[in-house]
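Peer 1: Sequence lines, in order, name chains A and B. All residue numbers for the first sequence refer to our numbering, where the first residue is 1 and numbers rise by one. All residue numbers for the second sequence refer to our numbering, where the first residue is 1 and numbers rise by one.
Treat the hints as calculated values from the structure; they're not laboratory data. Errors might be hidden in some of the hints.
To list a few chain B residues with every Cβ distance to chain A over 12 Å, as calculated [unchecked claim]:
1) D49
2) G53
3) W69
4) T72
5) G131
6) P191
7) D217
8) S271
Not the full set, but computed from the structure, chain A residues with beta-carbon under 10 Å of chain B [what the hints assert, rightly or not]:
9) N54
10) V96
11) I127
12) L129
13) L139
Result set (DSS-like, lysine-lysine): computed pairs, CA atoms no more than 30 Å apart in a straight line [stated by the list, open to error]:
14) K265(B) x K300(A)
15) K265(B) x K195(A)
16) K300(A) x K195(A)
Positions of the beta carbon are idealized from the N, C-alpha and C atoms, including for glycine.
Chain by chain, the residues:
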Amino acid sequence: MTPRSAHRRPAATRLRGARGLAGWLFILPALAFYTVFVLRPITLTFQYSLYDWNGIGPSTWVGLANYGKVFTDPDLFDSLVNAFQLIVFFSAIPVVLGLAIAATIRRIAASRLALVARTVLFLPQVIPLVAAGIAWSWLLASTGVVNQLLTLAGLSGVTRAWLGDFATALPAVGMIGAWVLLGLCTLLLLAGMSKIDPALYEAARLDGAGPWREFVSITVPSLRQEIAVCVTVTVIAALASFDIVYIATQGGPGNTTMVPGLQIFYLAFSEREVGTASALAMVLMLLVIACALPIQWFAKDGGK
Amino acid sequence: MITGRREAWTGRLLLILMMAVTLLPFLSLFVTALHPSGTYPAGLAWPGDPQWGNFLRAFEAANMGALLWSSTLIVLGVVPISIVLGTMAGFAIGHLRVIGGRLVFLLFVLGLTLPFEGVITPLYYQIRDMGLLNTRWAIILPLIGLFMPFSVFWMRAHFVNMPGELSESARMDGANVWQLFRRIHVPLAMPAISSLGILLFLWTWNQFLLAIVLVDDPAKRTMSGALGAFQGQWGTDIPLLCAGSLLILTPTLVIFLVFQRHFVKALLQGSLKG
Chain A
1 MTPRSAHRRP
11 AATRLRGARG
21 LAGWLFILPA
31 LAFYTVFVLR
41 PITLTFQYSL
51 YDWNGIGPST
61 WVGLANYGKV
71 FTDPDLFDSL
81 VNAFQLIVFF
91 SAIPVVLGLA
101 IAATIRRIAA
111 SRLALVARTV
121 LFLPQVIPLV
131 AAGIAWSWLL
141 ASTGVVNQLL
151 TLAGLSGVTR
161 AWLGDFATAL
171 PAVGMIGAWV
181 LLGLCTLLLL
191 AGMSKIDPAL
201 YEAARLDGAG
211 PWREFVSITV
221 PSLRQEIAVC
231 VTVTVIAALA
241 SFDIVYIATQ
251 GGPGNTTMVP
261 GLQIFYLAFS
271 EREVGTASAL
281 AMVLMLLVIA
291 CALPIQWFAK
301 DGGK
Chain B
1 MITGRREAWT
11 GRLLLILMMA
21 VTLLPFLSLF
31 VTALHPSGTY
41 PAGLAWPGDP
51 QWGNFLRAFE
61 AANMGALLWS
71 STLIVLGVVP
81 ISIVLGTMAG
91 FAIGHLRVIG
101 GRLVFLLFVL
111 GLTLPFEGVI
121 TPLYYQIRDM
131 GLLNTRWAII
141 LPLIGLFMPF
151 SVFWMRAHFV
161 NMPGELSESA
171 RMDGANVWQL
181 FRRIHVPLAM
191 PAISSLGILL
201 FLWTWNQFLL
211 AIVLVDDPAK
221 RTMSGALGAF
231 QGQWGTDIPL
241 LCAGSLLILT
251 PTLVIFLVFQ
261 RHFVKALLQG
271 SLKG
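Input sequences plus hints: build the corresponding full structure.
Peer 2: What follows is the structure in structure tokens.
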């Protein structure tokens, strides 16, 4: 018997029986809900994706043709491209800006102002995304506050209906996402920074490191885990975005802000192309996993 | 110490700026809501004659009383069941270390990042075949399943760290597995359970996609779904829409402000673990 199994043994005997049938009775109800409302639908999505079906009549087997359509039909493919462009706004801006802000306010993190800020910055996480969408549609409208501020700053030349303009609609949607996620990222990173040993900073100061050097060689590496979390959460929010786009632009103008989630919704429930919708849904699910897994591995390898 | 002081001031300034940007949409909603209905107010301008009655009209137009009741019913359906089932499964996987538990856990973890859009189409047909379309069950039952990966994941993370000696002594006193769970482990898991409850409440209350796909009648939806319908109906009357939006986001706001400490903790932990 190796020392390790000797150590494990009491844990096994103490709950004899509970590791078998009795234990499984604890898991089964959860597993049942999960199977019926998640696993079964996932397999059905895959099944639908291989057929041409309008949701009512008979369906025809088309093999992988629906997937071919996802990658060749510009309307469908553009929605995927848009989702990746949204990552810039949903992820890059909140994480980079969040890092900068957290590093700046690190020293006053315990002050009364910072405590108030903690509550305020969480508000976007608490309200429904739909409400954020409505509020921002109005802010970004042609007579909205954004244009009012720009005019005050002497930039009346650039004012426009931000969500209605082909060139600016997608970035404008992205800014709404950035607004929703910036507070969360900042606070997550700030919480991570409070766990960094202050002695590290003192040592760096003694070595003559400036604030930038400190930031690059101490703060960022120590926050690997928190950064990975922020990136994962925000990338998924970008790829799977629905609520904000549905409210703010409905995918328009033209197709400029169409995202996969919204496209699936339209295809399945308005255009009655269940097969195509399901193929896009499969692609979206796989994309999310393909993006989330590497980030997790990256965080784990760095942590150990 | 001059650099330190300057840093502190820059920090304060940044914080205030950030709070201003965060609050701007709320302020804009509020000011706009006070304008006479049917007008297109220009930006942030305090109305000459604030129309406080708009909130009352929006309350009636949005059928707020029914909405609150509906959302409450949905939350009461989703949250307790998710918590009980998630805690039980988390206990069996994390603490009892059931044979094959690691495999089941992996299966649950796969669902952690699932975008709901991925399963919404088959869910619609499944719910229709169950005869549940346009009932609150159409939102409640799928949400329990969809939140299960996170609930199990969250509770397992708690139970994995519970010392085995605790259960050993209880077993020696003759407790069976259920008593062990109910009398010893559930009380000790209360902090983890309440954080989970807060997160599930928030996600249920704000659920939009399931509500608009599976339920046609706004009065049977979640608050969030009803707001979507409200926008469709009153989208051209901006002050009324703003008043309605504010009313609809008030309940979560109030609950957040009351329990803010728990919320912030739960949300931070929630994203860290998720």
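Peer 1: None of the hints should be skipped; say for each whether it holds.
Peer 2: Hint check results:
Against the 12 Å criterion, D49(B) stays outside the reach of chain A, whose nearest CB is about 19 Å from its own CB. Annotated as non-interface, G53(B) keeps its C-beta farther than 12 Å from every C-beta of chain A; the closest such distance is 20 Å. Every Cβ of chain A is farther than 12 Å from the Cβ of W69(B); the closest lies at roughly 17 Å, confirming the non-interface assignment. Even its closest Cβ contact with chain A, about 15 Å, leaves T72(B) beyond 12 Å, as expected for a residue assigned away from the interface.
Every CB of chain A lies more than 12 Å from the CB of G131(B), the least distance being 15 Å, so the non-interface label holds. At roughly 17 Å from the closest C-beta of chain A, the C-beta of P191(B) stays outside 12 Å, upholding its exclusion from the interface. For D217(B), the non-interface assignment is confirmed: its Cβ lies about 16 Å from the closest Cβ of chain A, beyond the 12 Å cut-off. A cut-off of 12 Å between C-beta atoms contradicts the statement that S271(B) is not in contact with chain A; the least separation is 5 Å.
Of the supplied interface hints, the one on N54(A) is violated, with its beta-carbon coming no nearer than about 12 Å to a beta-carbon of chain B, more than 10 Å. Nearest Cβ of chain B to the Cβ of V96(A): about 14 Å, over the 10 Å cut. The hint is violated. Evaluation of the I127(A) hint against chain B yields a held restraint, the C-beta minimum of about 4 Å falling below 10 Å. With 10 Å as the threshold, the beta carbon of L129(A) comes within range of chain B, its nearest partner Cβ sitting at about 7 Å, so the hint holds.
Annotation: L139(A) was flagged as interfacial toward chain B, and the flag holds, the nearest CB pair being 5 Å apart, inside 10 Å. The straight-line distance between the Cα atoms of K265(B) and K300(A) is roughly 23 Å, inside the 30 Å bound, and the hint therefore holds. Proposed proximity of K265(B) and K195(A) is supported: the alpha carbons are some 15 Å apart, at most 30 Å. Distance restraint check for K300(A) and K195(A): the Cα-Cα separation of roughly 18 Å lies within the 30 Å cut-off, and the hinted pair is therefore satisfied.
Hint violations for this structure: numbers 8, 9, 10, all remaining hints satisfied.
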